[in-house]
Amino acid sequence: MLCDDCGKREATMHFTKIINGNVTELHLCEECAKNHKEFEFDTSFSIHNFLTGLLDLDNVQDSPFKIDYITSTKCDRCGLTYSKFRQTGKFGCSNCYNSFKEKLIPLFKRIHGHGNHIGKVPRRAGGVIRIKKEISRLKNQLEIAVRNEEYEKAAQIRDQIRELQAQIDTK
Amino acid sequence: MAKWLQGNDKTNDIVVSTRIRLARNIEDFLFPQMLNTESANKVIDRVRSSIIEGNTILSREFDFFRTKDISPLERQIFVEKHLISPELIAKPERSAFLLRKDEKVTVMINEEDHIRIQVLLPGLELEESWDLCSKIDDIIEENVKYAFDEKLGYLTSCPTNVGTGMRASVMLHLPSLVMTGHINKVLQAVNQIGLTVRGLYGEGTDALGNLFQISNQTTLGETEEEIIEKLKKIVLQIISREKESRQRLMNTKRIEVEDIVYRSLGILKNSRIITSKESMKLLSDVRMGIEMGIINDIDLDKINNLMILSQPASIQKYSGKELNAKERDIKRAEMIREYLK
Numbered sequence: 002m003l004c005d006d007c008g009k010r011e012a013t014m015h016f017t018k019i020i021n022g023n024v025t026e027l028h029l030c031e032e033c034a035k036n037h038k039e040f041e042f043d044t045s046f047s048i049h050n051f052l053t054g055l056l057d058l059d060n061v062q063d064s065p066f067k068i069d070y071i072t073s074t075k076c077d078r079c080g081l082t083y084s085k086f087r088q089t090g091k092f093g094c095s096n097c098y099n100s101f102k103e104k105l106i107p108l109f110k111r112i113h114g115h116g117n118h119i120g121k122v123p124r125r126a127g128g129v130i131r132i133k134k135e136i137s138r139l140k141n142q143l144e145i146a147v148r149n150e151e152y153e154k155a156a157q158i159r160d161q162i163r164e165l166q167a168q169i170d171t172k
Numbered sequence: 079m080a081k082w083l084q085g086n087d088k089t090n091d092i093v094v095s096t097r098i099r100l101a102r103n104i105e106d107f108l109f110p111q112m113l114n115t116e117s118a119n120k121v122i123d124r125v126r127s128s129i130i131e132g133n134t135i136l137s138r139e140f141d142f143f144r145t146k147d148i149s150p151l152e153r154q155i156f157v158e159k160h161l162i163s164p165e166l167i168a169k170p171e172r173s174a175f176l177l178r179k180d181e182k183v184t185v186m187i188n189e190e191d192h193i194r195i196q197v198l199l200p201g202l203e204l205e206e207s208w209d210l211c212s213k214i215d216d217i218i219e220e221n222v223k224y225a226f227d228e229k230l231g232y233l234t235s236c237p238t239n240v241g242t243g244m245r246a247s248v249m250l251h252l253p254s255l256v257m258t259g260h261i262n263k264v265l266q267a268v269n270q271i272g273l274t275v276r277g278l279y280g281e282g283t284d285a286l287g288n289l290f291q292i293s294n295q296t297t298l299g300e301t302e303e304e305i306i307e308k309l310k311k312i313v314l315q316i317i318s319r320e321k322e323s324r325q326r327l328m329n330t331k332r333i334e335v336e337d338i339v340y341r342s343l344g345i346l347k348n349s350r351i352i353t354s355k356e357s358m359k360l361l362s363d364v365r366m367g368i369e370m371g372i373i374n375d376i377d378l379d380k381i382n383n384l385m386i387l388s389q390p391a392s393i394q395k396y397s398g399k400e401l402n403a404k405e406r407d408i409k410r411a412e413m414i415r416e417y418l419k
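Protein chains in written order, with our numbering: chain A, 2 to 172; chain B, 79 to 419.
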């Protein structure tokens, strides 16, 4: 079979494209394949390319404000711009999480499928956070106790919650 | 000999090792990619003193290394033994690490994050690894303030690690699933449930020696225990698939399997020039032969060790001098013959 492009050399690359069920085939020689646009895909797949790919999804709407956000938003602590973050996929400091907040929530949802940490909390620094988590756990238990009409147990849990709440207020 | 493989009293058919790493950053410093050398050194001092000076028991257990103070060859050997990452040695002027004397715990400083705690144990030891990792984490945290957000958890350089900052992985030896062509189905299934599979040396590498690393892909929205539980369930399923597949091979193609195993052993025992790629493949066949009871007079640990020692930098250490590629292939063959005598 001869090359579809030059029609001279033997085709050695066979390319099938399927879009919405429409199949198109392309047969090219090595020389023409090199110059052909359809083959310009990045084969060195890396997690960072993948990440920046995800970030680019935000630009599908053609809004001047979005483009503005990318070029002008900058972390006020480390100076990393949002566009630089898009290139490298890495933050410059912990404040970047705050600086790029509105872009990150959907990004985290796409990467992790979730937006909230429920795992380990630092012991020393996380005192208040730990108590808050414990309170929310107890509140769930309280609801269950009330639903099951276990009022004595519910009262106990309620007192525990009050005690923990007082601990937070004094900190 | 790789120390972390020692003292392994369990039979580790199929599972080679378990690794858990935690990514942590110190609140007061910019992340490593933005740090100048001066601040990078401050980070090193803070982490070092949190372990060495902060806790007397730990201080005796750990050795401290500045990457720039060890030779490039030694650095590469640490990488080949899976004790530190290639990213750490890419920045020798700014990075350092603490290594526990039994080589089962490493604390890397100024890799992609300020702190990366790694626990590496032979066999399937997910709960034990997490427990140990979390303890070291608590000790460091007594002396430094971590970058932590109530909603997002531990803040990391890369958004793929935010939350728990934990990557748990299990290295599996799956020759029979590869041989029978079932591996792709297994890998597809694994990917569909939020876990990833990689070759021996992480992202983008081939499954050299039929070794596959299965790890959690997401770090946000689940507790560490839930992540570990999910990974363990899947790993146990893959192990039973590999075992079934081996059993079926033994029932239907016993002589062919024996032939592969003994031919590979024959080449390893007799070759005079061997590349690392070839030796990995052959060692994988022999490992399978031991696990299936075809070979009874070679220890599995010996093969695990050879898989590490036959790599380029380790070979040069074995021979005591720098070698070019061909010299290494000759030396490798010599070392393997010596080991399998």
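Take these hints with a grain of salt, some might be off.
As the list claims (entries may be wrong) - In the DSSO-like style, the derived pairs of lysine-lysine whose C-alpha atoms are separated by at most 27 angstroms in a straight line are: (1) B:Lys229 with A:Lys140; (2) B:Lys419 with B:Lys347; (3) B:Lys311 with B:Lys347; (4) A:Lys133 with B:Lys321; (5) B:Lys395 with B:Lys179; (6) A:Lys133 with B:Lys399; (7) B:Lys81 with A:Lys110; (8) A:Lys110 with B:Lys310; (9) B:Lys223 with B:Lys159; (10) B:Lys159 with B:Lys146; (11) A:Lys104 with B:Lys395; (12) B:Lys213 with A:Lys134; (13) B:Lys321 with B:Lys229; (14) B:Lys311 with A:Lys110; (15) B:Lys120 with A:Lys85; (16) A:Lys85 with B:Lys159; (17) B:Lys321 with B:Lys263; (18) B:Lys347 with B:Lys81; (19) B:Lys213 with B:Lys311; (20) A:Lys35 with A:Lys75; (21) A:Lys75 with A:Lys102; (22) B:Lys146 with B:Lys81; (23) B:Lys81 with A:Lys134; (24) B:Lys308 with B:Lys355; (25) A:Lys102 with B:Lys311; (26) A:Lys134 with B:Lys229; (27) A:Lys134 with B:Lys331; (28) B:Lys81 with B:Lys120.
Said to hold, decoys possible - Stretches of chain B that chain A covers, calculated by requiring three or more beta carbons in the stretch to come under 8 angstroms of a beta carbon on chain A: (29) 214 to 220; (30) 309 to 319.
No lab work stands behind these hints: they were computed from the structure. Think of the CB as a built atom: it goes at the ideal place given N, C-alpha and C, for glycine as much as any other residue.
* Could you check the structure against the hints above and give me the numbers of any it violates, in ascending order? => 3, 4, 6, 7, 9, 11, 13, 16, 20, 23, 24, 25, 27, 28 and 30
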